[in-house]
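Fit chain X with the ligands to the known structure of chain D by using the hints.
Protein chains in written order, with UniProt numbering: chain D, 1 to 455; chain X, 1 to 232.
Derived from the structure by calculation, the hints contain no laboratory data. Be a bit skeptical, because a hint or two may be false.
Here are the simulated DSS-like pairs of lysine-lysine, each with C-alpha atoms no more than 30 Å apart in a straight line [claimed, not checked]: (1) X:LYS27 to D:LYS84; (2) D:LYS138 to X:LYS23; (3) D:LYS85 to X:LYS27; (4) D:LYS158 to X:LYS23; (5) X:LYS27 to D:LYS158.
The primary structure of each chain is shown beneath.
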Amino acid sequence: MDNKLRPTKKLSHEESWGYDRSIIDYIQRAAAHGLYEIRGLGAKRRLPHFDDLVFLGASMSRYPLEGYREKCTTKTMLGTRFAKKPIALEIPITIAGMSFGALSAHVKDALGRAATEMGTSTTTGDGGMTLEERASSKILVYQCLPSRYGFNPDDLRKANAIEVVIGQGAKPGGGGMLLGQKVNPRVAKMRTLPEGVDQRSACRHPDWTGPDDLAIKIRELREITDWEKPIYVKVGATRTFNDVKLAIHSGADVVVVDGMQGGTAATQTCFIEHVGIPTLAALRQAVDALEDMNMKGTVQLIVSGGIRTGADVAKALAMGADAVSIGQGVLVALGCNSESWIHDGEHISAVEGYETIGAAPGFCHHCHTGQCPVGITTQDAVLEQRLQPEVGARRVKNYLKTLNMELTTIARACGKQNVHHLEREDLVALTIEAAAMAHIPLAGTNWIPGAMNAL
Amino acid sequence: MECLNFDLATTSLTEVNTFLHQKSASKGVRKVTISNPNGAHNIAVGLNLPVEVEIAGHAGYYAAGMNQLASVTIMGSVGTGVAENMMSGRVHVQGFASNGAGASAHGGLLVIDGDAGLRCGISLKGGDIVVGGSVGSFSAFMAQAGRMVICGDAGDALGDSLYEAVIYVKGRIKSLGADAREEAMTDTDLAAIGELLVQGGPTFSIHKPEEFKRIASARALYHWNVDADQEY
Ligand SMILES: Cc1cc2nc3c(=O)[nH]c(=O)nc-3n(C[C@H](O)[C@H](O)[C@H](O)COP(=O)(O)O)c2cc1C
Ligand code: SF4
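Extracted from the complex, chain D is given alone in its bound form:
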């Protein structure tokens, strides 16, 4: 035997930063298919976010409230500017507009039930209002989108508020999309489309073009509903300062700003990751716009895009939002990306289902396929059974309840009897980026990068 040590060849594992595995994978996929990737959910990259802010709890200079005993209200009014019947919510956390078509009818039903039990609102989506969600939601916001799929004056009159959607954070400047596998007979009928077409919705409204037109459009909606219903205007976050000012000028009662982390049911990945600005930056610009026009308290602000926890809600409110709206978070509460689905109280593995669509629990963003392994974003008669409305409603209610408890915990710690009394002075930033975007001082300093009179 040869006892001599043979020099082993050293393997190189030096990964390139510019051409890392995901970029290599992306280029090779593009080369193989000649088509961009379409997927669901929101931006996956690390962005400056609410995580980069912390609260300054009360101590010597401020007085905290007793955690469980002292009152801390979460009541929230929306649409007080012009509407005869503003929206009164028990909690400042609402459920974002997600279309029937993207979501199953069961899910829409579950969301309505959970929201109703918590005293908050749900929202329709691209594709119209379902009977299920109208029946189960006490407070339902009806979207008026560029596509106008299933839009009709009867449902308009049945709604509690109207949301004119200009854009979404996941794809500001883009229209909706629903791939053919989700356009089943019911969805097709509601949208007046041939079954199974890859539906592309318009990105511009058919009957108005600029903010001056929008002002007239909003008056039309008010006239039709006899000035009863609050009118929201939803924008994807880009030039937020100007957009919010224009929305207010157009006569909105409520402005909804959706940051780039916001979820979607299906959009090009390049859109999700590369168009729009983070929620943190957008929220600050929106508040600046309201203050600039002296409209804070008159026009309400809802912010969305990556709101996951009670702390996120508290930070959004402290920065000046009146309420938040949640999409992805409620999907996860329903079981999105979970390893199992629940049937008669038992957990049944969904892992194989994820494999079928090329995903795994924890990594899935395959809502566009319509083959959601846990029965949420599907129109498949078998798969949708995996999410029963009762189970879903309970889970979403628990989630909202938890968020609200966390919100009041933080508010009390900051000495507030009302969550809307949280203020910017209660926050500091952990990173320079967050400090600059949110205009909140870096912790331990009074430095706000870029602020005019920074010390």
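Frame of chain D, contents of chain X with the ligands only:
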């Protein structure tokens, strides 16, 4: 109280609309005339009853928007979005219509005696539109269902990204949009045009169904072929 007049010079628009929504049915009003419209926006929007409304002059944006059941006549021209999202009933413009006439109408009939501007019948979802004059560019953009009869010419990109709506044009078409194509006329088409011309009113009797061309979707944009594995 069968017939009622509102003067927009002295009555607020909201008062008129609210009356039409809430009171005209119970008061048994059959016909309402609106004088001095002076181009006001949002006249007679959101009607939901079989009443006859006559607007004596020009109207602004969204005249008779989202109409249901009512028959609204505008004795003049209209701004953007006349009869937008109409569900049923009839809206008749005796003058010209601006942009987006009949946008996303789900049902009913819109008759325009004169010309219509850009994007006439955009996003149409089942309504019928009959235009005595010409239509501007991008008309019937993404139209999903319903029919349009254009007795004059059509501008650029007619029927771009068309779904199942069908367009009949008598005059010249400047250009067709993506996925729109001319198809052979069938007996059903001839009958449809004939019927719509009659519904348009006596002034449309000078046109003959055989004079029209049929434009419909080639349906090449219906699928993206996302799943078409091209692996070479
Ligand atoms: C499955 C899904 C479907 C959606 N559908 C719509 C829609 O129809 N209309 C709309 O305005 N926004 C839609 N959105 C965006 C949400 O309304 C909301 O802006 C976003 O989800 C908020 O961000 P978050 O998901 O991080 O909470 C959808 C989002 C998801 C996840
Ligand atoms: S589990 Fe369902 S809802 Fe969640 S990302 Fe996957 S397909 Fe979408």
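Outcome of the hint check:
no. : hint                : in the structure
1   : X:LYS27 to D:LYS84  : holds (25 Å)
2   : D:LYS138 to X:LYS23 : holds (27 Å)
3   : D:LYS85 to X:LYS27  : holds (26 Å)
4   : D:LYS158 to X:LYS23 : holds (19 Å)
5   : X:LYS27 to D:LYS158 : holds (24 Å)
Consistency with the previously given hints is maintained throughout, with no hint failing.
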